[in-house]
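*Asks:* The sequence shown begins at 1 in this note's numbering and counts up one residue at a time.
It is possible that part of the hints are untrue.
What the hints assert, rightly or not - Each computed BS3-like pair below joins lysine-lysine, with the alpha-carbon atoms no more than 25 Å apart:
#1 Lys154 to Lys273
#2 Lys325 to Lys63
#3 Lys47 to Lys273
#4 Lys47 to Lys63
#5 Lys89 to Lys39
#6 Lys165 to Lys39
Stated by the list, open to error - Across the chosen pairs, the derived CB separations fall in these ranges:
#7 Leu176 to Arg135: 13 to 23 Å
#8 Asp326 to Lys63: 19 to 29 Å
#9 Trp213 to Pro45: 36 to 46 Å
None of these hints come from the bench; they were simulated from the model. Using N, Cα and C, we set each Cβ at its ideal position, and we do this for glycine too.
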Amino acid sequence: MISAKNRILQNAVKLGLFFVLSTYALLSLHANEIRYGRKEPIQRPAKAIRLASYNVLNLFDAKDDPMLQGEFDDITMVTSENRCECLGKVIKELDADILCLQEVESEEALRWFRDTYLADMGYDYLVSHDVGYYRGIEQSVLSRFPISNPTIWKDEDLTDMEDLKTGEGWNEDGELPTQFQRSPLMVDIDIDSKEHENNYEMTVVVVHHKSGWHRRQRESEALQLVELLQERLEKEPDLNLLVVGDFNAGPFDKSLAVYQEAGFINAYNHRWKTTGNTRDYFRTHESNRVLDYMMIHPNADAEIVDHSFQIVGTLFPGDDYDWRKDEPPSGYAADHYPLVIDMMPQDVSQ
Numbered sequence: 001m002i003s004a005k006n007r008i009l010q011n012a013v014k015l016g017l018f019f020v021l022s023t024y025a026l027l028s029l030h031a032n033e034i035r036y037g038r039k040e041p042i043q044r045p046a047k048a049i050r051l052a053s054y055n056v057l058n059l060f061d062a063k064d065d066p067m068l069q070g071e072f073d074d075i076t077m078v079t080s081e082n083r084c085e086c087l088g089k090v091i092k093e094l095d096a097d098i099l100c101l102q103e104v105e106s107e108e109a110l111r112w113f114r115d116t117y118l119a120d121m122g123y124d125y126l127v128s129h130d131v132g133y134y135r136g137i138e139q140s141v142l143s144r145f146p147i148s149n150p151t152i153w154k155d156e157d158l159t160d161m162e163d164l165k166t167g168e169g170w171n172e173d174g175e176l177p178t179q180f181q182r183s184p185l186m187v188d189i190d191i192d193s194k195e196h197e198n199n200y201e202m203t204v205v206v207v208h209h210k211s212g213w214h215r216r217q218r219e220s221e222a223l224q225l226v227e228l229l230q231e232r233l234e235k236e237p238d239l240n241l242l243v244v245g246d247f248n249a250g251p252f253d254k255s256l257a258v259y260q261e262a263g264f265i266n267a268y269n270h271r272w273k274t275t276g277n278t279r280d281y282f283r284t285h286e287s288n289r290v291l292d293y294m295m296i297h298p299n300a301d302a303e304i305v306d307h308s309f310q311i312v313g314t315l316f317p318g319d320d321y322d323w324r325k326d327e328p329p330s331g332y333a334a335d336h337y338p339l340v341i342d343m344m345p346q347d348v349s350q
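The whole structure should be built from the sequences, with the hints applied where relevant.
*Replies:* This is how it looks when you write it as structure tokens:
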């Protein structure tokens with residue numbers, strides 16, 4: 001028979017073990033794990049090119065921009081050394097040939113980041129344009145292939161998009177949208193190298209639609225961009241076109257449906273895993289949401305490598321983390337996770 005003293009000792013040991021295991025489990029739910037997405041990227045097929053999209057969460061350099069003052073003074077937004085290193089590490093692991101970024105301060109900041117943290121990645125070409133946003137962030141592209149014809153629409157009038165909102169499901173929240181909150185950035189990319197047998201041209205549009213409850217704004221932005229792209233497609237019917245970035249919309253939101261109704265195909269259709277419980281593999285934001293997409297025109301969709309679409313996870317900051325007041329933990333890269341797709345750069349029609 002176990003004595004009362006031994007029973008107390010055994011219970012104490014069990015309690016201690018329970019405390020240790022519980023603490024470990026609790027910590028694992030905090031800044032110790034990759035909760036969403038893949039832990040590492042899938043290796044790309046031979047001769048494929050890789051396209052990635054990544055919202056890098058306010059990538060600001062240490063140079064003071066006199067145009068940004070007061071509440072939006074950029075000198076208070078400088079990205080920490082640790083976070084820059086983490087972003088650089090993630091981007092190197094992605095090894096994308098074409099990297100589309102959101103929330104970059106400027107071309108100067110992008111060039112500094114590339115030269116400091118990505119010097120050996122072969123990103124000889126870059127574009128980052130002021131897209132008219134009061135907080136000073138913009139969309140950017142880093143590429144191993146030549147970039148041409150960068151285009152933005154800062155002054156595009158969106159008011160006439162209301163006339164296109166027929167049928168059900170449109171939102172009327174907020175004021176009448178008049179301009180893009182952050183203009184999309186469109187670039188042409190010429191893929192011509194010894195590794196790829198044929199010259200392949202593609203056009204990529206990087207978006208960062210208005211966030212939050214501004215659904216009406218996002219819907220007008222989507223309608224306007226689709227109209228602009230359709231005008232170009234009328235002139236270039238074989239255009240290999242992709243729209244990627246932070247759409248700030250859920251999978252069933254009307255603004256995303258605008259692209260789908262225009263014929264664009266969600267890269268999720270080419271996801272690497274299609275069976276079992278795949279939900280956490282395809283969250284794009286640490287808040288357990290899908291906000292980022294790659295929408296592919298059928299011209300380019302024919303060249304997509306099936307089962308190559310993936311979300312690559314980074315450090316989850318913890319359930320108790322409050323981005324409004326807490327410093328991000330060491331090892332933290334950004335609140336969004338990068339999206340990746342592979343393509344064979346040869347027009348199927350050829």
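*Asks:* Next step is simple, just say for each hint if it's right about the structure.
*Replies:* Cross-check of the supplied hints:
A threshold of 25 Å between alpha carbons decides the hint, and for lysine 154 with lysine 273 the separation of about 38 Å lies outside it, so the pair is violated. With a C-alpha separation of about 24 Å, the suggested pair lysine 325 and lysine 63 falls inside the 25 Å cut-off, and the hint holds. Distance check on the hinted pair: lysine 47 and lysine 273 sit about 22 Å apart at the alpha-carbon level, within 25 Å; holds. Restraint check: the Cα-Cα separation between lysine 47 and lysine 63 comes to about 39 Å, which exceeds 25 Å; the hinted pair is violated.
Between lysine 89 and lysine 39, the direct Cα distance comes to roughly 13 Å. Compliance with the 25 Å bound is thereby established for this hinted pair. Annotation: proposed proximity of lysine 165 to lysine 39 is violated, straight-line Cα distance about 41 Å (limit 25 Å). Against the hinted window of 13 to 23 Å, the Cβ-Cβ separation of leucine 176 and arginine 135 comes to about 22 Å, which satisfies the hint. In this structure the hint that aspartate 326 and lysine 63 lie 19 to 29 Å apart at CB holds, the actual value being about 26 Å.
The beta-carbon spacing between tryptophan 213 and proline 45, approximately 41 Å, falls within the hinted interval of 36 to 46 Å.
Violation of the numbered hints given earlier is confined to hints 1, 4, 6; the remaining hints are satisfied by the structure.
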